[in-house]
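Here's the letter readout for the chains.
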Amino acid sequence: MSFIDRAKTQFEGRLKDARGHEKNFREQAWSEFDRLGLPDRKNEAWKYSALRDIVKTEWPEAPAVASVPAYVVTLRERYQIDFDVLVLINGRLNLQASVVSAELKPCLSSPQYDGRRLFEDGFTSLAAAVSHGGVRINVPAGLRLQRPVLLLRVQQGDPAWAAVYNEIRLGADSRLDMAELFTSVASSYLRTEISQAHIGVGAQLHWLRLQEEPLSASHFCDVDARLEEAAELHLDQINAGSRWARTSLRAEILGREAEAAIHGISFGREEQHIDQRILVSHQAGESRSSQLFKGVLKDQARGVVNGKIYIAQNAQKVTSSQLNHTLLLSPGAEADTKPELEIYADDVKANHGASIGRMDRDKIFYLISRGIPPAEAQQMLAHAFVGDVLMKISSRDLRRLAGERLTGLLPDFATELEA
Amino acid sequence: MLKVKNLHARIGDKEVLKGLNLEIKPGEVHAIMGPNGSGKSTLSKVLAGHPDYEVTSGSVDFEVDFQDRDLLTMAPDERARQGVFLAFQYPIEVPGVSNITFLRAAFNSVCRAQGVKEMGEEDFRKFVEQKAALVDLNPSFLERAVNEGFSGGEKKRNEILQMAVLSPRLAILDETDSGLDIDSLKVVAQGVNKLRNKNNAILLITHYQRLLDYIVPDHVHVLAGGRILQSGDKTLAQKLEQHGYDWLVKAGV
Numbered sequence: 022m023s024f025i026d027r028a029k030t031q032f033e034g035r036l037k038d039a040r041g042h043e044k045n046f047r048e049q050a051w052s053e054f055d056r057l058g059l060p061d062r063k064n065e066a067w068k069y070s071a072l073r074d075i076v077k078t079e080w081p082e083a084p085a086v087a088s089v090p091a092y093v094v095t096l097r098e099r100y101q102i103d104f105d106v107l108v109l110i111n112g113r114l115n116l117q118a119s120v121v122s123a124e125l126k127p128c129l130s131s132p133q134y135d136g137r138r139l140f141e142d143g144f145t146s147l148a149a150a151v152s153h154g155g156v157r158i159n160v161p162a163g164l165r166l167q168r169p170v171l172l173l174r175v176q177q178g179d180p181a182w183a184a185v186y187n188e189i190r191l192g193a194d195s196r197l198d199m200a201e202l203f204t205s206v207a208s209s210y211l212r213t214e215i216s217q218a219h220i221g222v223g224a225q226l227h228w229l230r231l232q233e234e235p236l237s238a239s240h241f242c243d244v245d246a247r248l249e250e251a252a253e254l255h256l257d258q259i260n261a262g263s264r265w266a267r268t269s270l271r272a273e274i275l276g277r278e279a280e281a282a283i284h285g286i287s288f289g290r291e292e293q294h295i296d297q298r299i300l301v302s303h304q305a306g307e308s309r310s311s312q313l314f315k316g317v318l319k320d321q322a323r324g325v326v327n328g329k330i331y332i333a334q335n336a337q338k339v340t341s342s343q344l345n346h347t348l349l350l351s352p353g354a355e356a357d358t359k360p361e362l363e364i365y366a367d368d369v370k371a372n373h374g375a376s377i378g379r380m381d382r383d384k385i386f387y388l389i390s391r392g393i394p395p396a397e398a399q400q401m402l403a404h405a406f407v408g409d410v411l412m413k414i415s416s417r418d419l420r421r422l423a424g425e426r427l428t429g430l431l432p433d434f435a436t437e438l439e440a
Numbered sequence: 131m132l133k134v135k136n137l138h139a140r141i142g143d144k145e146v147l148k149g150l151n152l153e154i155k156p157g158e159v160h161a162i163m164g165p166n167g168s169g170k171s172t173l174s175k176v177l178a179g180h181p182d183y184e185v186t187s188g189s190v191d192f193e194v195d196f197q198d199r200d201l202l203t204m205a206p207d208e209r210a211r212q213g214v215f216l217a218f219q220y221p222i223e224v225p226g227v228s229n230i231t232f233l234r235a236a237f238n239s240v241c242r243a244q245g246v247k248e249m250g251e252e253d254f255r256k257f258v259e260q261k262a263a264l265v266d267l268n269p270s271f272l273e274r275a276v277n278e279g280f281s282g283g284e285k286k287r288n289e290i291l292q293m294a295v296l297s298p299r300l301a302i303l304d305e306t307d308s309g310l311d312i313d314s315l316k317v318v319a320q321g322v323n324k325l326r327n328k329n330n331a332i333l334l335i336t337h338y339q340r341l342l343d344y345i346v347p348d349h350v351h352v353l354a355g356g357r358i359l360q361s362g363d364k365t366l367a368q369k370l371e372q373h374g375y376d377w378l379v380k381a382g383v
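Those protein sequences? They're chains W and A, same order as listed.
This note's numbering applies: residue 22 is where the first sequence begins, and numbers increase by one.
This note's numbering applies: residue 131 is where the second sequence begins, and numbers increase by one.
So that you can see chain A by itself, here it is in the shape it has in the complex (with noise of 0.2 Å):
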């Protein structure tokens, strides 16, 4: 589903991505875990297309209808529209536009994309709501304004609901455990867990093993200083958690 061939990218003039290979297949859940700094977020934004980063070389394939598509020619809506979806780190506040406005014009530019026709304001509202039960979010979040005033685990919470509402292909969480509380990380690992299905992939972007515990990933990259240093299975991300990146990152210099 995604193939990211030694990819190079730098944001303004440092470079912070030098030469990162890594293969998806549907039905995966991949968790890239690393030290500060080793290009965890890069790989997240630019895979999501944003603008303040650039690729300088090497190239990522996205699957779009049983065809291999150059992602990075898309422009980062489209990728949206394609099937990627980005859970940020940090979410934006939009204070003015309202959750479920955000979120059903979210929707219906993907309906549009894919042909399929929009929902109504009524059907959608009742779609919404139980999408929001499934990550524990009182129906009164979709009336405020998009993450204005929400705590660090409600914000957490209304990415992954955003992620359910759009049912991407390709999902890539950047760091959705930092700041959470060990509740609040349960009722997102169990919202993320029930859209887990065969026929997409999730990619965990942590730190930590302790989101690990909870979604469990079939593959662990050690992502520093730009380049994927080791891959396993999940007890690569116990062995991480004893014994730091330090022994890592000391045997691939």
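Just chain W, same shape as in the assembly (with noise of 0.2 Å):
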């Protein structure tokens, strides 16, 4: 069977349980692929994460698991303290293994499907049309929760795909600070997660992404983010997993005076492959926007970020910026940095600018003169690199805890330095 027979027996399958939205859902994603088919590398979006080897398997769906794996019973008790943790593992919300507190417990709910069904593309069309599992989170009008939320997504078994659709809903001023840590022990999966999210007038979402999934997995995940008037989104992530990683976030600003802040951080090494995507579209006046990506990529590693400012022609007085750094630590790691600024409005301020650079000689040599190992100096000046970046992001928790995995990811970055 290939790929996409296996896809769609997949799709048949879940089609014959499905109602109403969830029905209408299904289908239309469906169709959505079969008139775009899978991309290919004429793609422009897909032109640098070739799906070729991808689709080469056919990937069995990740089946429900019953056991928490002791590494996921470690990881919650470790966090949970601070967080409400929830343990998602192959998509599906283990509750029982989850620690929600009571005012977290009725936000949640499986996926409704009842929000817009635009697609990026082919792909993402088929992996919402085969979607299992997933969660939706839905904070009432009014409601600011407390506590952060952690949502720990594991894989178990292999090879495996999770098919994985999320919903987030923020009624008006409300409040969420969530982190989603994608990790596993599993060797060889796909992770395709769709996740949509809705923040209502003056809402603020703080959700931060921790992708440290192992080296040999693909990881594909599609954020797609509406903004009311005064809503704030604040999307920062962290990719250093996956031989595969591609992650497209779209933030549509629909009401004035709202704002998303769309920063990422990645660590390439190997044979990695990190491709990320932004799209920041202006429908509403005096919107701002910013995107800060900071990239340090190592032996054969590839980094691209395509980043796209989109204003309407009746977005005036639009704030928008766009920077991307990469720091290349071998001569065979790559950068590829592609900034798309498509203005129809004649008030605006947009602003971009990359670079592409090598690790400072001097700084090095000055801190190793001190008595810091080389790889010590080096993971030292990495994390100086995204400093930054950690800086903007604006939850205190969330930032703490990204804080506190970078220093854990820094290591597999130290290298003896080439003369």
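It should be emphasised that the hints constitute simulated quantities derived from the structure, not laboratory data.
All C-beta atoms in this analysis are idealised placements derived from N, C-alpha and C, irrespective of residue type, glycine included.
Take every hint as true, because none was put in to throw you off.
Derived pair list, reagent style SDA-like, types lysine to any residue, alpha-carbon separation capped at 25 Å: (1) LYS384/W <-> SER297/A; (2) LYS29/W <-> GLY178/W; (3) LYS338/W <-> SER311/W; (4) LYS370/W <-> ASP409/W; (5) LYS413/W <-> PHE271/A; (6) LYS285/A <-> ARG255/A; (7) LYS384/W <-> ALA275/A; (8) LYS285/A <-> GLU397/W; (9) LYS384/W <-> LEU272/A; (10) LYS384/W <-> GLU208/A; (11) LYS126/W <-> LEU202/W; (12) LYS384/W <-> SER228/A; (13) LYS369/A <-> ARG357/A; (14) LYS413/W <-> PRO225/A; (15) LYS384/W <-> GLY309/A; (16) LYS63/W <-> ASP142/W; (17) LYS384/W <-> VAL185/A; (18) LYS384/W <-> PRO181/A; (19) LYS413/W <-> GLY226/A; (20) LYS285/A <-> HIS404/W; (21) LYS155/A <-> GLU193/A; (22) LYS144/A <-> ARG382/W; (23) LYS247/A <-> PRO395/W.
Over 12 Å on every C-beta distance to chain A, these chain W residues come out as not near it, computed from the model: (24) GLY41; (25) GLU43; (26) LEU59; (27) PRO60; (28) TRP67; (29) TYR92; (30) ARG97; (31) ASP142; (32) GLN177; (33) ARG196; (34) VAL206; (35) LEU275; (36) LEU349; (37) GLU355; (38) ASN372; (39) PHE434.
Please assemble the complex out of the two chains, which come individually in their own frames, going by the hints.
Below, the structure is given as structure tokens:
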């Protein structure tokens, strides 16, 4: 059976049990896939992320798993003091294994499939059509959740495909601080996550994505957020794992004075390929957006940042910026950066910039001349390089978590320096 | 403690040191003076192990645990952990790394190498604040990124702070006096003098005699054309101040 035949069987199985919104959602997604097909390299958006390798495998659906692996329990115990922890194994929420406060509990349910059904491309449509599991977090108007939420997203069994669909809904003036930690002890798997977020008037969504999948995994995630008036989206990600990591982060600003801040740090090594796409679409005036992406790449790793700002004709007095800086640690590492501006309004501020550089030999020598071993010096400088992105994380709890995870990731970047 | 014998070194294709000899004993302060381009800074970089400089012949022995070790085969970080310290002529700015993080990483690296217990964050802060007072640096400098936005004088004092924290056995001060006003020079010199003891040695590299009024050397050497032309006591420095280098360089040729 081919990848697509297998997916079709999966889709038909899902459709049989689906009703109402869900049925419409799946049918629409599949027909979109039928229309568009799988993207190839000619598709600009997938130019750098060949799907060829991935569709060579026929991925069985990641099964429901009842037991909770020991490392997940360890992680939960480590963070449950400060966070409500949701354990999601193969995309399915395990409530028994989770730590959920009384405040969060009524906000949780399965996805309702009542949002918009607009998928970025054929692959995302396919992943939506066959999706299973997933979670819906619905924060009612006025509720500012006291405790931040950590979603432990783990995968069990391989090869397997966890095709996950999530919904985040924030009512007016509500607030949710949410971190997703993607990690696993399984080795060869495919994860697709499609998350739709709707942020109501004056609401704040602080969202941290920590991608620490094993280097043999494939991680394809798609975030689609819509912001109403004066809503705020603070979306930060650290991409450190996966053989293929592709994230598409889109924010559509529908209301005035809304703000989308999307920032990312990526660490690539070995044969890793980290592709980050960002689209901020300003449909309303006096709104703000910023994108700051920094990458540290070594070995043969490749990092792609394709950030786009779109400003509609009626969206006057928009302020937006887009920056991308990459540090290359090895001659074989490669960075591609592609900023795009598409602006139809005439009274806006939009700036962008990009740089690619190597580690400063003078700084390295200065540090090692004080007795600091070269690998540690390199870690310090890599940490310093991405430090300002870390400082931009607006939620204190999420910033602390990101800092801690980052420190844990850095030793993988310690290499002996080339002369 | 340090024995440099017939040292030849080059940067790129240019030979800068052409048979330099120097011996430094514990407790001594040596000054190396010389005109621009004579090889003073090259000597300091070679001793610290800067990768841009290549030693083509000669030897450098450094005493570690009462035994001579070949300094040239030791990695630069290893040299530092064994007690060699270079105060940079142009200290490097390291944005994003706080001074205290840097100092503590360096200090603990040395502790680990010498089998001494590392210091925790709080203890280290107290320790380093005392050392900062030695060079009249406000503790707020500890939170700032290493040398970033520091004035010339603050950068030099920060070098001496690092020296105070690491307490090296051999400190090489490369033109530490350059770009300093007289007040900063006094502060830096006082700091260095407080760190002098019978077990450590200091090598001052300077263009001017002025610094030697404040840090009084036991030996003065004149370096020109990659070799030491003349050695003497502190009066040699005064003679150079009056007559310049020309008479010696000519005599040397």
